[in-house]
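Residue numbers (numbering that gives the first Met the number 0), protein chains in the order written: chain C, 0 to 368; chain F, 0 to 396; chain U, 0 to 154.
Hint data in this document are derived by calculation from the structure and do not stem from the laboratory.
Here a beta-carbon is modelled for each residue, glycine too, at the ideal position from N, C-alpha and C.
Heads up, a few of these hints could be off.
Unchecked claim - Label-pair ranges, simulated between beta-carbon atoms: (1) C:G241 / U:P6: 54 to 60 angstroms; (2) U:P6 / C:L365: 29 to 35 angstroms; (3) F:E329 / C:S356: 51 to 57 angstroms; (4) U:R10 / C:W208: 47 to 53 angstroms; (5) C:D48 / F:E166: 56 to 62 angstroms; (6) F:P86 / U:D99: 53 to 59 angstroms; (7) U:P6 / F:S252: 42 to 48 angstroms; (8) C:T125 / F:S252: 36 to 42 angstroms; (9) C:A106 / U:C26: 45 to 51 angstroms; (10) U:Q48 / C:R350: 33 to 39 angstroms.
Claimed, not checked - Here are the simulated lysine-lysine pairs, DSBU-like style, with alpha carbons at most 35 angstroms apart: (11) F:K311 / U:K138; (12) C:K54 / U:K25; (13) F:K170 / F:K9; (14) C:K89 / U:K68; (15) C:K37 / U:K25; (16) F:K312 / U:K113; (17) C:K153 / U:K68; (18) U:K35 / C:K37; (19) C:K108 / U:K138; (20) F:K271 / U:K97; (21) F:K281 / U:K39; (22) U:K25 / C:K108; (23) C:K261 / U:K35; (24) C:K242 / C:K268; (25) C:K37 / U:K39; (26) U:K35 / F:K312; (27) C:K89 / U:K45; (28) F:K311 / U:K56; (29) U:K35 / F:K271.
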Amino acid sequence: MRAEFDIGLNEAFRGMGAIGTGFGIVGYGVYIPRWRIKIEDIARVWGHDADSYRKGLGVEEKAVPSMDEDTTTIAVEAARNALKRAREAKPGDVGAIYVGSESHPYAVKPTAATVAEAIGLTPNITAADMEFACKAATAGIQACLGLVKGGYMKYGISIGADTAQSAPGDVLEYTAAAGGAAYVIGGGDGVIAEIEGTCSYTQDVPDFWRRDGTRYPSHAGRFTGEPAYFEHVINCSKELFGKLGTDPKDYDYAVFHQPNAKFPLRAAKLLGFEEKKVLPSMVVNRIGNTYSGSSLLGLAAVLDVAKEGERILMTSYGSGAGSDSFSMRVTDGIEGKRRLSPPVRYYMERREYIDYSMYARYERLLKVV
Amino acid sequence: MIDVTNGQFKRREVAIISVGATEFGELWDKGLKDLAWEAGVKAVEAAGIGGRDIEYIVFGNMSGGLFVGQEHVAALVADFLGLNSTPATRVEAACASGGAAFLQAYMAVASGMYDIVVAGGVEKMTDVGAGQAASILSGAMDYEWEAYFGATFPAVYALMARRYMHEYGLKADTLAKVAVKNHYHGSLNPLAHFRNRITEDEALSSPIVADPLRRYDCCPVSDGAACAILAPLEIARKYTDAPIVIRAVAQASDTLSLLGRGDLCTLRATVKAAGRAFDEAKLSRKDIDVVEVHDCFTIAELLALEDLGFCKKGEAEKLYGDGQTYVGGELPVNTDGGLKAGGHAVGATGIKQIVEVTKQLRGEAKNGRQVDGAEVGLAHNVGGTGATAVVAILSRR
Amino acid sequence: MSSSGIPQHWRTIRERYRLLGARCEKCNTNYFPPRKVCPKCRRRGKTAQVEFSGKGKVFSYTVINASSKAFERYMPYIVGLVELDEGPRVLSQIVDCKPDEVRIGMEVEACFRKIFEQEDGGIISYGFKFRPSDGSWAKDYDGDLKTIDAEREKA
Chain C
0 MRAEFDIGLN EAFRGMGAIG TGFGIVGYGV YIPRWRIKIE DIARVWGHDA DSYRKGLGVE
60 EKAVPSMDED TTTIAVEAAR NALKRAREAK PGDVGAIYVG SESHPYAVKP TAATVAEAIG
120 LTPNITAADM EFACKAATAG IQACLGLVKG GYMKYGISIG ADTAQSAPGD VLEYTAAAGG
180 AAYVIGGGDG VIAEIEGTCS YTQDVPDFWR RDGTRYPSHA GRFTGEPAYF EHVINCSKEL
240 FGKLGTDPKD YDYAVFHQPN AKFPLRAAKL LGFEEKKVLP SMVVNRIGNT YSGSSLLGLA
300 AVLDVAKEGE RILMTSYGSG AGSDSFSMRV TDGIEGKRRL SPPVRYYMER REYIDYSMYA
360 RYERLLKVV
Chain F
0 MIDVTNGQFK RREVAIISVG ATEFGELWDK GLKDLAWEAG VKAVEAAGIG GRDIEYIVFG
60 NMSGGLFVGQ EHVAALVADF LGLNSTPATR VEAACASGGA AFLQAYMAVA SGMYDIVVAG
120 GVEKMTDVGA GQAASILSGA MDYEWEAYFG ATFPAVYALM ARRYMHEYGL KADTLAKVAV
180 KNHYHGSLNP LAHFRNRITE DEALSSPIVA DPLRRYDCCP VSDGAACAIL APLEIARKYT
240 DAPIVIRAVA QASDTLSLLG RGDLCTLRAT VKAAGRAFDE AKLSRKDIDV VEVHDCFTIA
300 ELLALEDLGF CKKGEAEKLY GDGQTYVGGE LPVNTDGGLK AGGHAVGATG IKQIVEVTKQ
360 LRGEAKNGRQ VDGAEVGLAH NVGGTGATAV VAILSRR
Chain U
0 MSSSGIPQHW RTIRERYRLL GARCEKCNTN YFPPRKVCPK CRRRGKTAQV EFSGKGKVFS
60 YTVINASSKA FERYMPYIVG LVELDEGPRV LSQIVDCKPD EVRIGMEVEA CFRKIFEQED
120 GGIISYGFKF RPSDGSWAKD YDGDLKTIDA EREKA
């Protein structure tokens, strides 16, 4: 039933049912800023029909960062929450940190170094910022997995966080949101979700991009659907099923990147997942698309409720384009660790509404003339 | 010059032989040098001395460098006064620079090292914009751990005010009463920055600067200079018929920032300096006829009266119900308008206070500002939120 | 806050990011910012680094309506003196809170935020601020686990 994986498998990894011999998620943590803006308030300013956007995107409102929040501050909060759950990971044992984002505060100066300093992991740590649109942090998880499984270090941490930017009046404005999630990867008794396997699917597809120096991204409209999102999400997931010898009925949960509420549900359908397996991960309708945080927040929402033995598929998607798929098995370790940090639900319910004028101030739209 | 008795060094008694001060305000056509010169000349002419007689100059100035790009301020003052071989030193203790300069000048004469010493202070603050001035003033706080995090100078006093309200139940209208009184006194002082009277309502409805402090709770940014000339008491009568004796000058320190203060409502440096000053002067609080306190914010005046020992902690409010702190009352406070209305040219303020107390003790305060029969006066100058405090007690004989 | 102050920003990064202070091993007094000399014990004391938990209470506060230039864009904001559980008081901003909601004695916890951004492409300074403590999420784990979609069905 189990097959060889692309990234190399050693004997220990084959230990299905043998608790603690696998590698995977040792801790996870999230952070979502408290402000929200409703799509009605955006639509009113631009003279759009709010209802049609609501129906088309399946999104009610999105999370907006405070003026003193950015990708780095969100990453730090998420990482601190993750380290609370990964309580056995002592500072000296975490050997790698990757921060994936499309809104790193500096074009040159690593977010990862600031985050590492803030969570007390410096100086003996490898660090880098990653960029692959919304899937940068899942690539970071793969990197950590490799370093940890290769025996180079006990733990690595990958964080996906964004304060997504969108051109005012563009359709993306309804969903570009702020939030993040962090994952501590390692092995041993602390693993709460063993990563049974991972694979990726990458091609050069110009569906969504931002040239250096321009403020807002551009996108190719409906082209971002089938040849971009679905091509990669579907094929990557199928690739993983093939390598592991699994199929949708072997999974209790499916988590996909959430640029809106429609795409992940459609991906589920195309792959043959029942809708009820995807719904627990759906956060986009209330917080919007947190870009590099999106699939990882969805995964966290699932980990908040998953039971021992349940299996999770997560497939991320990053424009440009590519997907990373993971097959995970929840261990009995999750019960004890879950309660060490706030659940996704807490951050989703902790909200305060602002109107477009405050939104414009927070997003610094008024400076651009 | 040095009086040696039994092999022990004995301090000389020191007197103020003359004073001079400029108007305080937004003085566009006067630069730093002009201000220092004006105050200096007034004092020198009043003493009837010549430039040759001045042996040492001590000048308080908080930040000539950041306000007008000029350091080496004392040398500049000496030069511009035509006294360019006289030794001159600048003293900096933020808003207590003037008071600290006064102590240094006093020590120079008391020790016997010099006879005629000029104690002055000058600040030129309006050449920069308000925002810049606020930024420069925040250097009086702890830059790294207070200003850095967004605290402004009004904010740190507001933290004290808020705590005081919490611990002692202070009402906002008491703060307004302080502002109203100081504006009243300022209206009687031709040198004051503000000469308009205000009402409690105006004070209570002025815009909030740092809650609970409003605009009328905060002193202005002013240009100004002041000067006092000191001499040993034994020769003072050569220069003036009304030498004012310096009974004591004491200075004390406390933590730079509010972080390390135990009690946010007490300026320990004031308490210490006042204790030492009253001990040295061998006087009690009841002996004081007129007081100049450091009211950079209205709350500071209340704290000052308590920390100086004029009333118990938490009870300063009681002194504002019945005009007790007005000229004519039991304990007139800030008869020149204080800092609030008189103005606060940072480095000069400590000396300006000495000038006012001297005038009061000589019966020279005009326009209805004179405290009848004032014999003993006290001046209280504070730096920052109380990291430095200087208390001086002066008397008619 | 000019660009020329880079080393000055850098020197206090660890204290600002992680609330690192000092503790005198002789009298067990905690200090923030860290001190090389314990004012109580002076030469007899010995200070060691300590990382504070970030939990504390509001000792005093004010709402700033007139800030210096570097903080103009954040106005109005709340500045508070927070007494940490370990003893020292720190001056910091209080966030995630409306001005009329702050109370002396309010429980707060440290969070990581931008302190200011220098103009013209200068650096961003990060550090601690405090938000009201909210342990209400712990109850989410009591009783039956409900998934988010169950909440959606309710809504």
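Please work out if K25 of chain U and K108 of chain C have their alpha carbons no farther apart than 35 angstroms. violated (41 angstroms)
Quiz prompt | Pair hint K261 of chain C and K35 of chain U, alpha-carbon separation not exceeding 35 angstroms | solution = Distance of about 59 angstroms is beyond 35 angstroms: violated.
Check your understanding: Is the Cα-Cα distance between K311 of chain F and K138 of chain U 35 angstroms or less?
Key -> violated (49 angstroms)
Open item on the list: Check whether the Cα positions of K35 of chain U and K312 of chain F lie no farther apart than 35 angstroms.
Closed with: holds (33 angstroms)
Worksheet entry | Given pair status - K97 of chain U, K271 of chain F, alpha carbons within 35 angstroms | violated (39 angstroms)
Report task. For the pair we were handed, K312 of chain F and K113 of chain U, check the Cα-Cα distance against 35 angstroms. Result -> It is violated: about 39 angstroms lies between the C-alpha atoms, which goes past 35 angstroms.
(message) Assuming the hint says 54 to 60 angstroms, is it satisfied by the Cβ distance from G241 of chain C to P6 of chain U or not?
(response) holds (56 angstroms)
Given hint K45 of chain U paired with K89 of chain C - CA-CA distance at most 35 angstroms: The given pair, whose Cα atoms are some 26 angstroms apart, holds under the 35 angstroms limit.
Fill in: Hint consistency between K35 of chain U and K271 of chain F [alpha-carbon to alpha-carbon, up to 35 angstroms]
holds (25 angstroms)
Given the hint of 56 to 62 angstroms, is the C-beta distance from D48 of chain C to E166 of chain F inside that range or not? The hint (56 to 62 angstroms, Cβ to Cβ) holds, given that D48 of chain C and E166 of chain F are roughly 57 angstroms apart.
C-beta pair E329 of chain F, S356 of chain C: status relative to the range 51 to 57 angstroms that was hinted: holds (55 angstroms)
How does the Cβ-Cβ distance of T125 of chain C and S252 of chain F compare with 36 to 42 angstroms: does it lie in that range? With a Cβ separation near 48 angstroms, T125 of chain C and S252 of chain F fall outside 36 to 42 angstroms, so the hint is violated.
The structure fails to meet hints 4, 7, 8, 11, 12, 13, 14, 15, 16, 17, 18, 19, 20, 22, 23, 25 from the earlier list, while all remaining hints are met.
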